[in-house]
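*Asks:* Chains as they are written, first to last, in the working numbering: chain A, 1262 to 1460; chain B, 16 to 653.
Be aware that one or more of the hints could be misleading.
As a list, the in silico DSSO-like pairs of lysine-lysine whose alpha-carbon atoms are at most 30 Å apart [unchecked claim]:
(1) B:K595 x A:K1396
(2) A:K1425 x B:K38
(3) A:K1396 x B:K253
(4) A:K1349 x B:K438
(5) B:K258 x A:K1379
(6) B:K578 x A:K1434
(7) A:K1380 x B:K384
(8) A:K1396 x B:K34
(9) A:K1369 x B:K438
(10) A:K1350 x B:K595
(11) A:K1369 x B:K595
(12) A:K1401 x B:K371
(13) A:K1350 x B:K380
(14) A:K1369 x B:K413
(15) B:K213 x B:K79
(16) A:K1396 x B:K38
(17) A:K1425 x A:K1316
(18) B:K34 x A:K1425
(19) B:K380 x B:K34
Here chain A is said to cover these stretches of chain B; the calculated rule only asks that three of the stretch's residues, wherever they fall, bring their Cβ under 8 Å from a Cβ of chain A [what the hints assert, rightly or not]:
(20) 37-51
(21) 200-209
(22) 354-363
Don't read these hints as lab results, they were simulated from the structure. In this text the structure is predicted, and so the values were computed from the model without any measurement. Where is the CB? At the ideal position from N, CA and C, for every residue including glycine.
Single-letter residue listing:
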Amino acid sequence: MFDLMLTGVGGEGVLTAGTILARAAQNEGNFVRGVQLHGLAQRGGSIPTFVRYGKKIHSPAITPANANLIIAFEPLEALRATYYANRKKTIFILNNWPHVPINSNIAKVPYPDINEIKKRIMPFAKNVLVFETHKLSLEKFGTSILGNTMLIGAAIGCGALPLKERTVRDAIKSTISRQLDSNLTAFDIGVKMGRESKF
Amino acid sequence: MYAVWLFHSVSMIKDVLEKSGKKVVLLGNEAVARGAVEAGIGVVASYPGTPSSEVPITLSAIAKKCNFFFEYSTNEKVAFETAAGAAWSGVRALTTMKHFGLNVASDSVSPVAYAGVKGGFVVMVVDDPYGWSSAQSEQDTRHYARMVKMPVIEPSNPQECLDLTKLSFDLSEEFEIPFFLRTTTKVSHSIGTVKLGKIKKPKTKGKFIKDPSRYYSLRPNLQELHKKIDAKLKNIEKKYGLKLNKIFEGKGKIGVIASGVSYEYAREIFNLLGINPPLAKLTLTYPTPENIIKKFIKDKTTVLVLEELDPIIENEVRALAKDANSKLIIHGKDFLPTYGEYNVATLMPVFEKLFKKSYGFDFAKHKKKTDLSIKGVPFRNPLFCPGCSHRSIFYAVKKVYGEKTIFAGDIGCYVLGIFEPFKMQDFVVSMGASLGISHGISRVSDQEIVVFIGDSTFFHAGMPALANLKFNDGKTPLVVIMDNSFTSMTGHQPNPGTGITAMGEIVTPISIEEVVTAMGAEVRVVNAFNQKQMTDALNELRKMDGLRVLITKGECRLVTKRKLRSRGLSFTTFYIDQEKCTKCGICTDKFSCPAIRTKKVGKETVYYIEPHFCWGCSVCLQICPHGAIKANTKAVKK
Ligand SMILES: Cc1ncc(C[n+]2csc(CCOP(=O)(O)OP(=O)(O)O)c2C)c(N)n1
Ligand code: SF4
């Protein structure tokens, strides 16, 4: 059984990423279970999504401190996911390009820098892998959003997410209709980044 | 093309129509939709409400293809009645709603239940413990079922959502009684592998056969009908109580009784703790599954009843235990809360105690540690979408009315006005209540009041309240009808003002302006993306007496985005001219568009606009006092 958690900012592609990976897991013959926490959080709030797969699974949510892998499309959201993490087994994969919440400016609460975030996650992680996906996406495609597919690619490429590159690619094709080519390019770049990482 | 505006990005609608026998991942709500199609559904009438909305969203998208009728009704009562009429005429009908929807529908529910149905009639209600949606309380639909005497079926996961929806139609037809299909957020919004069954050809034509003994729910029929419904419930329990509810034998004398998602948590915990106690899974939870409960508790010393919200089954077990096993120790709400959701972490200590087994991990302690790790980092509150007209309206109203005015809130995306930076909803009660409550306040206080109400909410429950304001005229509040043409919060459903039906038919929209004019209001109609137009009209209306309505027109930006995208077009986006930006922070702190962001360059904070998230509303350009925001001449591809 594999317990995967995806997190990021509402409206910025977390649910789509969850759909892609749930489909890929299904197409590999798994039993899939999960839950997407929408509602008010849909617009701009934090939005954790769970995808669990294996033989037979009951609870839609991951048991706290039990995630195998946490993919965070936004660094601060990775930090907010530590309740589901455990130093014995959880790997974090995160993008290092922040989306500073409005509140940081209004309430004058500074956004911690990436090293601080990493430091705070460490006690709850077996490993923390940081990729420059969203920054690269912004430079290459003029938007940070393709960083999501890139980061998924990185998770596959480095081996932290036990799904096949081909099934995930197929799931991207069947889920994303817009900018499909760029998404696939981003995915390939991500896979390569993952392979070249030290993990 | 209509479909393009409508689908939420995570939609797995393709999968919903896959072939029989195929295994696909579906959302619980999508599985309900598939179940209805497999049951040969003829009519679906709904008013959306999270967490039930994906059922109608899915069904509306496939109605044409599958040849059944779908409508978004103006509110849940009308939806319920529409479906009931079809079911009375022998056609299988479904209505869906969130828990609050049932309050609105309730006036018609009992009489229809008494009368019974010809075609299968399923009323799907989704409860929302914890309040993930814009829920205003954690009410428990199972109480209603007992009041109106309608059977309740409760699935635990997406596969059961499909199978039990289908079964509910069969049973409803067999016993001629409407059935509640009751889920909760974690069932409706969870995904799971589902094996699909055969799709039945829908029956869409029926005939209403006059039968006063049934459809006049008045004296003297009333008592007869009451007698009949009680008998139906008895028969359902007799025939299906032991069949649909299941006992899984296990080890020991301590048993677990569970329903809904709690059953899934129980199973999960059995695995985590390595225990296998006897388990009763309740699926047909009303009429009270007396037989199975008695059978299950007979030889137990202790049972643990797992149900979210109120101790309904627990109390029924207690009553039954008096005869069946008077020494039985019954646990449930003595250990667990009546509020919020259950999960593995909340349930674990109860299992550890009862079964004298340790999981070896303290969730509460872990939570304390992780809470500490996120201490002092900025909170991320939900915001309006980039380019949302509501942001522009709140900004203008605040500019004219300041902060002392009472801001009456209602239900819709504009409820996000509660949060920073606006904080402009002083109360939120129920759909349309902004008007009624404000009227009450204005009858006893001279405080200035501004009411915010959306177009869908206006058609749903606002019209009677506005008529009342006019009828019982006092110093009335200023009413802002935020007309974005859609029922946006729940997924952009059309309403009578949209100009299109759920089946994609173009219709003449009902003009809100004409409606409120007919009610005798002083009306101004303005462009929600034009700050000056809005502030001018507000200043003018503020000086007047009597019923005053400001209608702000600005299509839901997410819909605009989808429309443009489907035509291969994109917005003109905006950027911040770094030479002119004084870093005053108005665009981020007071206006708070998610596209306007800050980054650190060296020690300096730089304000910039993320092109992908700029949906081109141009309002930031109007509010920047330094003229630093400018249009990109080249449109950015989205
Ligand atoms: C009785 C009831 N039914 C449904 C809902 C769910 N609901 C919450 S917001 C909303 C949409 C309101 O649409 P509108 O007033 O047009 O505002 P918008 O979201 O478009 O800004 C609905 C249907 C509810 N809260 N209560
Ligand atoms: S969905 Fe539409 S109405 Fe709701 S916040 Fe987004 S743009 Fe505004």
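*Asks:* Confirm or reject each hint.
*Replies:* Status of each hint after checking the structure:
A threshold of 30 Å between alpha carbons decides the hint, and for K595 (chain B) with K1396 (chain A) the separation of about 25 Å falls inside it, so the pair holds. For the proposed pair K1425 (chain A) and K38 (chain B), the alpha carbon gap of about 19 Å is at most 30 Å, so the pair holds. Straight-line distance between C-alpha atoms of K1396 (chain A) and K253 (chain B) comes to about 64 Å, which puts the hinted pair past the 30 Å bound. For the suggested pair K1349 (chain A) and K438 (chain B), the alpha carbons sit about 43 Å apart, so the restraint of at most 30 Å is broken.
Annotation: proposed proximity of K258 (chain B) to K1379 (chain A) is violated, straight-line Cα distance about 54 Å (limit 30 Å). Distance hint between K578 (chain B) and K1434 (chain A) is fulfilled; the C-alpha atoms sit about 22 Å from each other, no more than 30 Å. The straight-line distance between the Cα atoms of K1380 (chain A) and K384 (chain B) is roughly 14 Å, inside the 30 Å bound, and the hint therefore holds. Between K1396 (chain A) and K34 (chain B), the direct Cα distance comes to roughly 42 Å. Violation of the 30 Å bound is thereby established for this hinted pair.
This hinted pair checks out: K1369 (chain A) and K438 (chain B) have alpha carbons roughly 17 Å apart, not beyond 30 Å. Distance restraint check for K1350 (chain A) and K595 (chain B): the Cα-Cα separation of roughly 50 Å exceeds the 30 Å cut-off, and the hinted pair is therefore not satisfied. Under the criterion of a C-alpha separation no larger than 30 Å, the hint pairing K1369 (chain A) with K595 (chain B) is consistent with the structure, at around 23 Å. Taking the CA atoms of K1401 (chain A) and K371 (chain B), the gap is about 58 Å. The hint is violated against a cut of 30 Å.
For the suggested pair K1350 (chain A) and K380 (chain B), the alpha carbons sit about 18 Å apart, so the restraint of at most 30 Å is met. This hinted pair checks out: K1369 (chain A) and K413 (chain B) have alpha carbons roughly 22 Å apart, not beyond 30 Å. Distance check on the hinted pair: K213 (chain B) and K79 (chain B) sit about 18 Å apart at the alpha-carbon level, within 30 Å; holds. Using a Cα cut-off of 30 Å, the hinted pair K1396 (chain A) and K38 (chain B) is violated, with the two alpha carbons roughly 38 Å apart.
Under the criterion of a C-alpha separation no larger than 30 Å, the hint pairing K1425 (chain A) with K1316 (chain A) is consistent with the structure, at around 17 Å. With a C-alpha separation of about 25 Å, the suggested pairing of K34 (chain B) with K1425 (chain A) holds against the 30 Å cut-off. Between the alpha carbons of K380 (chain B) and K34 (chain B) the distance comes to roughly 48 Å, so the proposed pair goes past 30 Å and is violated. For the segment 37-51 of chain B, the proposed coverage by chain A is satisfied: 4 residues have a C-beta within less than 8 Å of a C-beta in that chain, meeting the threshold of three.
With a threshold of 8 Å between beta carbons, the proposed coverage of the segment 200-209 of chain B by chain A holds, since 7 of its residues qualify and at least three are required. Taking a C-beta to C-beta cut-off of 8 Å, the segment 354-363 of chain B contributes 3 residues in contact with chain A, enough for the three needed, and the coverage statement holds.
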